[in-house]
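Undergrad: Between the sequences and the hints, there should be enough to build the whole structure, so can you do that?
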Amino acid sequence: MNNKNKRSLVFRKMMFVTQFEELGFGALQSLLVLRGAGLEHVILLNVIERDRVAMHRGLGYDKDEERRLKEQANIRFIDWAESLFETGMEVGDYIVVGNVVSDTLEAVVAEDADLIVIGQRKRKMIEFFYSGDDIIELLRRSHRPVLIYKELESNSCTDTCLADNPFCRTLLAVDWSPACLLAVEYLKTMKTVVQDVSVIHVASPKELKGTSSLDIQKLRKEKRGRLEEICEALEAEGIHCRSHLYVGEPVTEILRAAKEFNASMIVMGSSGTSVWRERWIGSTPRTIVEKSPYPALIIPHAKEDTDQAE
Amino acid sequence: MKSGRLPIAGICIGLVMGFFFIATEGRGGGAWAAEPVRSEPVISETNMHEGAGSELIQAAAVHEENIDGHDGAHFNLGETLPLWSVIPFACMLLSIAFMPLLAPEFWHHHFGKVSAFWAAVMAIPFLAIYQGIALYEILHILLADYVPFIVLLWSLYTVSGGILLRGTLRGTPLVNTTLLIIGAILASWMGTTGAAMLLIRPFLRANDYRKSRTFMVVFFIFLVANIGGSLTPLGDPPLFLGFLHGVSFFWTFNILPHMLFVGVILLVVYFIMDLIFYRKEAADGPPDDGTKEPLGLDGVHNFLFLIGIVGAVLASGIVDWGEIHTFGVHRAVQDWARDAFLVLMGILSLVTTSFKIRDDNDFTWFPIVEVAYLFVGIFITMVPCLLILKAGPKGELAFLINSVTEPVHYFFVTGLLSGFLDNAPTYLTFFNTALGSFYPGMAEQAAVDLLMTENAIFLKAISTGAVFFGAFSYIGNAPNFMVRSIAEEAGTPMPSFFGYMFKYSLIFLIPTFVVMSLIFF
Chain A
1 MNNKNKRSLV FRKMMFVTQF EELGFGALQS LLVLRGAGLE HVILLNVIER
51 DRVAMHRGLG YDKDEERRLK EQANIRFIDW AESLFETGME VGDYIVVGNV
101 VSDTLEAVVA EDADLIVIGQ RKRKMIEFFY SGDDIIELLR RSHRPVLIYK
151 ELESNSCTDT CLADNPFCRT LLAVDWSPAC LLAVEYLKTM KTVVQDVSVI
201 HVASPKELKG TSSLDIQKLR KEKRGRLEEI CEALEAEGIH CRSHLYVGEP
251 VTEILRAAKE FNASMIVMGS SGTSVWRERW IGSTPRTIVE KSPYPALIIP
301 HAKEDTDQAE
Chain B
1 MKSGRLPIAG ICIGLVMGFF FIATEGRGGG AWAAEPVRSE PVISETNMHE
51 GAGSELIQAA AVHEENIDGH DGAHFNLGET LPLWSVIPFA CMLLSIAFMP
101 LLAPEFWHHH FGKVSAFWAA VMAIPFLAIY QGIALYEILH ILLADYVPFI
151 VLLWSLYTVS GGILLRGTLR GTPLVNTTLL IIGAILASWM GTTGAAMLLI
201 RPFLRANDYR KSRTFMVVFF IFLVANIGGS LTPLGDPPLF LGFLHGVSFF
251 WTFNILPHML FVGVILLVVY FIMDLIFYRK EAADGPPDDG TKEPLGLDGV
301 HNFLFLIGIV GAVLASGIVD WGEIHTFGVH RAVQDWARDA FLVLMGILSL
351 VTTSFKIRDD NDFTWFPIVE VAYLFVGIFI TMVPCLLILK AGPKGELAFL
401 INSVTEPVHY FFVTGLLSGF LDNAPTYLTF FNTALGSFYP GMAEQAAVDL
451 LMTENAIFLK AISTGAVFFG AFSYIGNAPN FMVRSIAEEA GTPMPSFFGY
501 MFKYSLIFLI PTFVVMSLIF F
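Chains as they are written, first to last, in the working numbering: chain A, 1 to 310; chain B, 1 to 521.
Don't read these hints as lab results, they were simulated from the structure. Hints are supplied without guarantee of correctness; some may be wrong.
[Claimed, not checked] Think about it this way: if two alpha-carbon atoms lie no more than 27 Å apart in a straight line, the pair counts; the simulated DSS-like pairs of lysine-lysine are:
#, chain 1, residue 1, chain 2, residue 2
1, A, K223, A, K188
2, B, K356, A, K70
3, A, K150, A, K259
4, A, K188, A, K221
5, A, K206, A, K259
6, B, K113, A, K63
7, B, K211, A, K63
8, A, K13, A, K191
9, A, K223, A, K206
10, A, K63, B, K503
11, B, K356, A, K13
12, B, K356, A, K63
13, A, K223, A, K191
[To be verified] Examples of chain B residues lying across from chain A (beta carbon under 8 Å, computed):
#, residue
14, L101
15, F366
16, P367
Even glycine gets a Cβ: it sits at the ideal position worked out from N, Cα and C.
TA: This is the structure in structure tokens:
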């Protein structure tokens with residue numbers, strides 16, 4: 001791995017994409033724990049969706065509304081920035097009218113941000129049907145890690161670790177894809193933030209079907225061995241790690257494991273499937289993002305940024 | 001009233017209207033419930049023995065017998081419906097015309113509920129009184145008109161949204177006029193919305209160094225977003241509704257002389273205006289920042305899908321693959337096949353076109369979603385109006401049929417209403433007025449065939465009125481307000497709703513239309 005890639009594995013610059021309703025200052029504050037892992041710069045981004053101000057049958061383009069929404073966002077960002085300056089962070093902001101996905105990707109490239117943080121908004125069924133989900137599209141098109149931030153329910157935050165640090169008890173779901181292995185590298189750079197990692201692999205029942213018990217044992221050993229390798233790599237960085245092998249439907253088992261280990265976050269590699277396959281058939285990361293109550297950090301395949309917006 | 005309660009309020013008003021219909025039964029005066037008693041035994045009998053599905057088919061059979069029959073012995077729904085049954089339709093159109101102006105924020109967020117409200121006000125009492133026949137009429141207009149209408153608009157919008165014209169143009173009078181001509185030609189083949197969305201941004205970019213740009217965008221609305229779309233059923237929604245009701249695909253080429261006449265006059269006027277302003281501003285010249293991008297079309301493969309759409313629409317008017325029943329409604333197999341093919345074209349465009357192109361086009365689903373929501377309300381509420389008009393002099397709208405008698409009447413009445421109300425339902429209203437006037441009670445296709453031949457001048461008047469006058473105001477045709485919005489976002493000041501009409505439509509459009517009507521009608 002060359003120096004350029006090594007540098008990109010540290011979350012130095014975070015793009016915090018907010019519409020305010022779903023992602024507030026509390027979320028931003030909790031993510032400042034990443035300062036311990038090299039975070040230096042926060043870019044605040046508010047995208048006013050074009051439909052809110054444009055194409056009004058009676059008004060055309062509603063400049064007054066645009067001005068009002070921008071001013072509103074600006075006031076909030078100034079307030080947030082002051083707090084961030086006090087902690088020694090560099091801060092920048094963008095307030096634009098456009099499309100959440102494309103404007104986020106444009107800003108990420110322009111700012112060379114290392115991490116995108118976005119919240120999940122509830123969408124009506126009909127809205128989802130015709131325009132899909134911004135987060136799913138962002139995951140598909142982004143070549144930078146995306147953290148889908150969710151507030152953990154209060155009963156999950158009984159210990160201070162979970163309440164203060166969303167990365168403290170991480171569940172790493174692996175399938176040994178390049179993106180998953182990249183996720184391991186990212187976790188290594190976050191050793192001061194991540195306290196405990198549970199590495200799990202969910203084996204498909206199909207892999208075990210019709211196989212003799214000897215073969216099953218052999219398969220189990222082989223997979224455990226590979227999980228242990230990941231654990232050893234993380235332990236070497238000082239991160240406490242345990243490995244677990246599950247059998248079943250991936251999403252169900254990952255969520256089950258997250259609950260069992262009282263995880264604060266799920267980390268996994270992106271699926272790398274096409275947007276149409278993603279939309280109609282789905283993928284494990286997509287379903288985790290949609291269904292899981294846990295924040296999810298999705299690491300994409302390492303690619304160049306030149307075609308990021310394609 | 002909270003907006004979320006609108007549909008419930010609609011249901012309540014509908015129930016009250018239904019109660020009123022029943023209460024007025026037997027008093028004469030053309031109440032809804034007075035006549036259908038005659039048809040009830042048929043429906044009740046089927047109800048008892050064959051269930052709801054058969055009831056609908058039976059109702060359809062009764063309906064078609066009524067429509068096709070000429071002896072007057074059968075019950076004809078259009079002859080019995082009271083005049084005020086068109087009130088929800090009028091309110092629906094007036095809501096679309098005025099609520100965006102009077103309550104723009106409310107409208108932007110709740111247009112779907114407003115549409116549902118008026119649809120409920122019409123549909124509930126209509127269904128309560130006429131049961132199977134009413135259900136048939138509603139299903140018929142939804143399946144035979146709404147579905148193909150919205151599928152065509154969606155596919156054209158989706159496919160044309162995947163084409164992007166890049167590059168740096170210098171907005172001289174010649175270049176601008178050429179762009180307007182190209183846009184007007186394209187409009188008939190990719191829809192006025194498609195052509196307008198394809199060209200408006202390059203047009204604005206080319207002229208962003210010019211001081212006077214407002215008139216350019218207004219003429220763009222006149223020519224590309226409206227008048228250019230008059231040559232084929234794909235061009236403008238009213239013409240596609242005509243096509244769905246039996247007007248042949250190429251019949252609209254009969255409007256070519258009218259279109260050329262109006263188009264050439266407007267282009268000449270535009271060119272002169274542009275030249276005058278250009279010469280005044282010439283001292284400034286365009287800024288040369290050295291960032292000239294060569295002209296190029298991205299997503300050019302989408303033209304194949306456009307050809308597919310044209311071919312499918314054309315083929316559906318030529319082939320005859322028989323009919324199938326869908327929820328008791330007869331529909332031609334080729335019509336379903338066409339709709340499925342158009343959906344396929346749209347999906348293929350979405351799959352094969354880079355997101356970047358749609359992003360750069362600022363592509364958003366909002367306009368088509370708005371049209372989909374509004375038109376379901378428009379089509380449902382217009383059922384009584386169309387039935388009464390089809391009944392001709394025997395219907396409650398006989399006064400309209402009797403007063404609109406000359407082609408020039410059709411042109412201006414269709415036009416002026418199209419200018420303020422949506423031009424698609426207005427077209428259908430006067431199309432049916434003409435059918436009711438000349439061929440009352442005749443089967444639709446036979447009547448339309450005669451209208452296209454022996455009374456073609458009336459159909460030309462209706463078609464040109466609906467399409468040309470769509471440019472009269474921002475709300476006459478969907479692309480108008482979209483172009484306005486894009487222009488304003490790009491920093492081009494646009495006139496207000498009334499400013500547009502008083503400064504431009506009344507000055508440039510109406511005199512041209514008057515001259516055209518004197519020559520052609």
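Undergrad: A separate judgement is required for each hint: does it hold in the structure or not?
TA: Now for the hints, and whether the structure bears them out:
{"no.": "1", "hint": "K223/A / K188/A", "in the structure": "21 Å, holds"}
{"no.": "2", "hint": "K356/B / K70/A", "in the structure": "25 Å, holds"}
{"no.": "3", "hint": "K150/A / K259/A", "in the structure": "15 Å, holds"}
{"no.": "4", "hint": "K188/A / K221/A", "in the structure": "25 Å, holds"}
{"no.": "5", "hint": "K206/A / K259/A", "in the structure": "25 Å, holds"}
{"no.": "6", "hint": "K113/B / K63/A", "in the structure": "25 Å, holds"}
{"no.": "7", "hint": "K211/B / K63/A", "in the structure": "20 Å, holds"}
{"no.": "8", "hint": "K13/A / K191/A", "in the structure": "17 Å, holds"}
{"no.": "9", "hint": "K223/A / K206/A", "in the structure": "15 Å, holds"}
{"no.": "10", "hint": "K63/A / K503/B", "in the structure": "22 Å, holds"}
{"no.": "11", "hint": "K356/B / K13/A", "in the structure": "25 Å, holds"}
{"no.": "12", "hint": "K356/B / K63/A", "in the structure": "26 Å, holds"}
{"no.": "13", "hint": "K223/A / K191/A", "in the structure": "24 Å, holds"}
{"no.": "14", "hint": "L101", "in the structure": "5 Å, holds"}
{"no.": "15", "hint": "F366", "in the structure": "4 Å, holds"}
{"no.": "16", "hint": "P367", "in the structure": "6 Å, holds"}
Of the numbered hints listed earlier, not one is contradicted by the structure.
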